[in-house]
Structures are given as structure tokens and as C-alpha cells.
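Protein chains: 2
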Amino acid sequence: MVLRLDYREPDFESRFAAFLTTKREVSEDVEADVRAIIAEVRARGDEALHDYSLRFDRLDTRSLGLAVSDAEIDAAFEATDPELIAALELAHDRIVSHHRRQMPKDDHYVDDLGVGLGSRWTPIEAVGLYVPGGTASYPSSVLMNAVPAKVAGVSRIVMVVPAREGALNPVVLAAARIAGVSEIYRIGGAQAIAALAYGTETIRPVAKIMGPGNAWVAAAKRQVFGTVGIDMIAGPSEVLVIADPDNDPDWIAADLLAQAEHDVGAQSILMTRDAGFGEAVIGAVERQLSTLGRVETARKSWADFGAVILVPDWDAAVPLANRIAAEHLEIATDDAEALAARIGNAGAIFLGRHTPEVIGDYVGGSNHVLPTARSARFSSGLSVLDYVKRTSILKLDAGQLQSLGPAAITLARAEGLDAHARSVAIRMNLRGRAPEEGRERE
Amino acid sequence: MVLRLDYREPDFESRFAAFLTTKREVSEDVEADVRAIIAEVRARGDEALHDYSLRFDRLDTRSLGLAVSDAEIDAAFEATDPELIAALELAHDRIVSHHRRQMPKDDHYVDDLGVGLGSRWTPIEAVGLYVPGGTASYPSSVLMNAVPAKVAGVSRIVMVVPAREGALNPVVLAAARIAGVSEIYRIGGAQAIAALAYGTETIRPVAKIMGPGNAWVAAAKRQVFGTVGIDMIAGPSEVLVIADPDNDPDWIAADLLAQAEHDVGAQSILMTRDAGFGEAVIGAVERQLSTLGRVETARKSWADFGAVILVPDWDAAVPLANRIAAEHLEIATDDAEALAARIGNAGAIFLGRHTPEVIGDYVGGSNHVLPTARSARFSSGLSVLDYVKRTSILKLDAGQLQSLGPAAITLARAEGLDAHARSVAIRMNLRGRAPEEGRERE
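So the protein lines, in turn, are chains A and B.
Residue 92 in the working numbering sits at position 92 of the first sequence; the count goes up by one each step and never skips.
Residue 311 in the working numbering sits at position 311 of the second sequence; the count goes up by one each step and never skips.
Next comes chain A alone, as it looks inside the complex:
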């Protein structure tokens, strides 16, 4: 039985508040294991990577090499269905077009006093991209993480991907080639994160590490943070669908299941004004479930974390949607734009009846790496901004320093920072320019 919440019930607020804070992930305590692995890689470099590959992936990287060769990537590309290559290329080109618009512009200007100020953006020199193995190995995620890096001008994009018993997903390699990934290594787990952060004989270190992974990968990213940058630690996926009864219940059910099939911790929520429509969607979900390849995952996600929330009107829906702050928000109503304008907290919004969230997963052009677990209240999806950094620039001449210096000295003294005050005063000839004079007047 999926959870049903009705805004008009007297205990709605307490049930909704409890629903909001439901934990959907089991956190594994792998801190100590990960710490040991990182220390090994720092101490022994490639040798440690070879040992871990043998142990965890049953793969002899000593003879095979850590790097995936161009020939292997060529072969993977050739082995991939041309229709699939075309779909990847369509997705790639649309992601490029959209992300090019995100490139921030430098801003250099001179203010009223003549002081030169500037904000200058430069690409991060090198980034690492973790790609999980097994069923979570998504070619679309390779595009979503690598394309913004390429657009930003990152010169080295280094991918790591575990190859259990040597197996690599050829579509992932094809996507990496299409996206312009510079180097690929067949390693995974905490050891791959350590190699990216600290470098080994074969792998030069990067400055920032992106991409999803299991508990070991997430813990390793947390531990190397500071030495390198990391992206957000993504939780299970989620969708909030706001739908009126004019929708086909089967369409909405398919959208809810598209989230649920990702992970047992995924969350699918329907918000509607019509109880009958809600029940129709619940029925459609039940019917569609059994036809899915990942039926067990989807069934468990829907049963444990799915919800249908009945609201009296959209005015009531708005604050609830802002509190949920969904990663994905579908608005399948008339005048979806007007409702969207009132909901500030959402990773991505999909407007109208013909914009299923899945389009955004693949070919919409926007990024599918989005804030989960209510973090859309304070953070944004992946973008070009995650691959650049800003340097602020200031330039004064002697006259401008005379104008601004006194206030700086006043503030420095109020904060008890003598050298701060002196650093300005000495240039204003307030305490003598020559070293000797300076000392005498102190």
C-alpha cells in the first residue's frame, strides 16, 4: 500500500513533516577501510592499484595496463549499434548547445574612483570523472559529467571505471569518446578516487573529482575533499509529479515508475487535487510494475517511499512542493508555467503533458545531475560553473589608495590588526616611506 496523504486531514502537517525527513539510504560505515585504501595508494602508487584490481575486480592490470587504449575505445565504438551512437551524438550535441550558454563571462570594469575591479573565470586544469561499473554504468551520465567540463575548457578529463574481470561497457567507452574524455583508466572504488586525488606513476592527479559511486567511492570523495574538489554526493533519485485529472493515468504512472526503477531508495510522489485520479494512477502503477525488467527495485521503491498527496488546490500545493524541493518536478497541468513560477525549490522542472522527465535524462540538453534529498533548497544541478573558478582582481593607483586607505586603516585598527593598518598607511606616506623613517615614527 503506497502512502496516501490528504491535506484536509487534521494530522496532515505532522504526517507530511515526518514524510519529508524519511531516510532513504542506509549509510554503510566504510570510513576506516577507505582510509586504509587511500593510504596504500599514496604509499605504493600503481602497485597498490594493481593489487586492488586483482583483489576486487579479479583483473590483472599489471599485464593489461591501467590505461584503456585507443584501440580498445575504437573497438568499443565499432561494436556499438549505430542507432545508439546516433542517439548519443544527438544527446551530446544538445547538451553542448545548452551548456555553452552557461559559460560565465569575465567582468572587468573601472568604478567612479577609477579603481579597477574584475572577475575572471578560468577552467579547472584537470578533472576526474568516476563512472560506476555494473548496472549503474550509464553512458548518459558520462555525457552529463564530461560535456560541461569540455565546454568549460578543462584540458584534462580523466575517467576511471571499474572493469570486473576485464569487462567494460562499450557504450560507456563510446560515450567517453564522443564527449572528448582525455584518458580512461580501468580502475574503480576508493583506490580510483585516491589515484585521481594524489596521483600515481601512471595517473597524474586532478584538481576536482566528479561522478556518482557506491558507499566506498562516496566515502573516498569525502576523505580527499580539500586536497581536491568534489561535486555533490548524490542520493537516490526522486520525482514530484503535480498532475490534474486531465492526464492519462498511465502516462503519469510511467513517469513515477521511471524514478522508482532506478533504486530501491528512489522516491516518486504524485500531487493531485482529485482523489479518483490519484487512485487511477496507483492502479496504473500496479499494472505497469509487473512488465518492468527492474520490477523488484521499482516495487520496493514505490512501496517504501512512494506517495500520493491530495491537495484542495494548487495554492496549497506550492508551499508543499517548495518544502519537498524535488530533484525532478513534473507539472502536468493547464498553465504549468504559472505554477512553476511559484515553486523556487526544484532541481529541474518539466512543463506540460508532453515533457516527461526522461527527456531531461537523455536528450533535453539540460543536465541530469541534479540536487537530491531536498538539497534543491540550497544547491543547483551540475553545470559549466562546476568546472571553472573565479579570481577577483583589484587595481588601485596612488591617488585611489589615498581615497580608500583611511577607511581601511580605521577598520583594521578596529579589528586590532596593526600590520593590516601599516600595509596601507606606509603606502600613503602616513608613516614615512623609507624604512628608517618608518621605524622612527612607529
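One should not assume that every hint holds.
Claimed, not checked - What the simulated footprint calls covered on chain B by chain A, stretch by stretch (three residues with Cβ under 8 Å from a Cβ of chain A suffice, anywhere in the stretch; the number is not a length):
| no. | region |
| --- | --- |
| 1 | 58-69 |
| 2 | 121-129 |
| 3 | 238-247 |
| 4 | 252-261 |
Stated by the list, open to error - So these bits of chain B aren't anywhere near chain A, every CB distance computed over 10 Å:
| no. | residue |
| --- | --- |
| 5 | 6 |
| 6 | 8 |
| 7 | 39 |
| 8 | 46 |
| 9 | 50 |
| 10 | 83 |
| 11 | 180 |
| 12 | 202 |
| 13 | 293 |
| 14 | 375 |
| 15 | 415 |
No wet-lab data here; the hints were simulated from the structure.
The structure displayed is predicted, hence computed values, not measured ones.
Cβ atoms here follow ideal geometry from the backbone N, Cα and C, with glycine treated the same way.
Dock chain B against chain A, hints included.
Positioned in the frame of chain A, the structure of chain B alone reads:
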């Protein structure tokens, strides 16, 4: 004896590499204490805050109230030297002017297919600002953290500041009023972070917490991260000064000491082409040291972490400066712009002989919260962007879905995600629109 490194020495690379990874902070293990404090505040709310204030700050907030009243802020403002108020207002106005230029613009457009795409920026609803007590209580930092929030349109800016035995720095309260802080509470430590993240009877929770603090505050911010957003965890301050011999050694020495006086873990580095000039600056540092109020702090920072790096030419300096990735970079040379253009990794750059870094601390207009500990390789200083989040928006009609749908279905099937494929296909009438037909054709 301050560290001297000479690029021409055969062991330079290994010594420089070791210098780069020198740890400048002792990390205290306060995780368990902090975890207990957060649990207490979550369980007992205001009562826990009152108990901690009594215990840690010897302050009876039960009778005094947690909130700092308007009357108290008025009194603080009145008690502050008008010259200091004027300096704060000058700083405030310049910070506002600069940060207004950082406000990102929404981008809504229609692509060649007619698909509607958008990036919409909205302010974070509420942010918390931690202000340390004691000597690290800087009014300038209140401006630097609160002004970008105000410019971004954050509607609730909540400040917390510990009041040991009741004492609050009046200049901090005056700065908060000038910056437009909405609420101020006289609490500090991990308990203040917990109150901001989870809320209590008196303090409504915020969505993101900013500002520096001691080991307890930093650990608490790490622990509540996810529930709320946090800013970077800042390390001790640092400056790299690139200076030619045409500078007055005393000016450069004052700049090096302005960093060193902040913290025993602060770092001041001079890079020069002239050994004699380097020695002259070292001499000037020694002479100026004894005149400082914070002589012991500055002396220890300079002795432990200061360095003078001798390079043969600026071509050699560029890659070294990029590896150091200094929080503050002063370039006191002829044609400083040309050199700055080659150094991508720096939090802020100060150009020419009349732009001491201290101007940027107070009245330049740019933000003084900048990436430390080499993190300028992958991150940026505080800006309006830290107080907003982006929602991506997508809108297709039925015809556009027919264009993009097939590629999405191809990719979904390649990733083994049946419900993803169905969510698109069902809207393309590929599998029947009615539930019954849909099931039959699966």
C-alpha cells in the same frame, strides 16, 4: 630563520613540493562531542541552547533571551565611533556595488526544434551566518558574508554570535545592521550550528550556513551538511607576493605581516628574482615584527610557514604560482597585468605597487572570503552565486517529443531502464495510449 628556496638549486623541486603540502592546521578530534551537542539541540531545542550558554558562555539566556533585541543593536550602533560607522558604510556600499554585478541572469530560450529550455535563478530562502566571538570577531566579515545574501534576495539572514559572559562586539552588531541582517541570536559553537540547521522553538531553521568558526563550529557544519548547505570550510589565510626589486622592502614586509598576524597557521610567501631584495624584505619583516600588537602570532606564522622563493625569471614563477594557488596574490611588478593573465589559480589578485591586499579585506568591494590551502585550483571566493540556486526548465509539445523521443528511448533501453523508455513511448502512441492497449502491447 624563514625558509629560503632557490629555483636554481638542484633539490628545488623536491623542496618546493614538500613546502606545498606542509600542513598548517592541527585538526582537533571533536566529532563525538559535536555529535552529542547536535543531538541535544534536536531533542531539547531552546532548553539545550540555554544550558549550553550557561555552561560555555557563562550567560543566562533564559532570562536575557536568545535574540539580540533591536534596542541592543541601536545602542551598539550609537556606541560605535562615527568614523568607524562611516568606514563600515563605505565598505558596505562598495561591496554592494561589486556584488550586484554578480547576480546571474535567467536564460529562457527556444531551440531550433521549438523546445523551450531555461535556467532560472532564485535566492535561497534563509541563510545562517556564524560570527565567531573574541579576537576573531571581525565586523568586516559580517559585511562580506551578509551583503551577497542581501544582494541575492535572501529574505531571512540569521546571524549567530557567541556572547561570553554577555559581551557582544558592538561593531559587529553595527555591521549587521548596516548589512541588513534580519535576526541575531547570542549563541555560538556547535549548538548554534545545530539550531540553525534543525531549528528550535525560537529559531526557525535556515537552508544554508555560512561563516568561519573554530574546530567545533567546523565539525558541526560538516555534520549538518546535507540537511542544510554549507560554505567552504576555510583554513588559515595566505598571501603570495611576487615583487621586483623596485619595491620598497618595507611595503612588501608590511603586506607579508598583514597575513602573518591573522593566525599562527597563516602563510606569507615572497617570490622574487633578486636575492638581495629578498634579504632586504626579510630584514624589514624582522624590524617591523616587534612593533605589532599581535607580534607572537605573526612571528610564529612567519617562522613556521613563511618563505622567500628566488626565481630566475617570471616564466619560472608562473607555474610555481599556479601550483601554490594562493588565496591572495599580490603582483608588485611592472606590467603586473601581463603576469596576472598567466596565473589562473588564485583566489584574488592585487595588481601593482599601490594595491595592498588589505584594501581587498575591507573596502575594495570584492569579497574577502576566498579559497585557502590551494583550493583556488578548484574553487572560488564567496559571491552572490553562493546564495542562489538554479532550476533548469524544459518544455516540449507533442511534435517535439516525436522528434526527440526515439533517441531517448534508444538510450533508455541501452541502459536497461524499461519504465524510462515507456514514459516516452506511451506519449508517442508507440504503445497505445489507453491502459488496456498499453498492457497488451508490452
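Of the hints stated earlier, which fail here?
1, 3, 10, 13, 14 and 15
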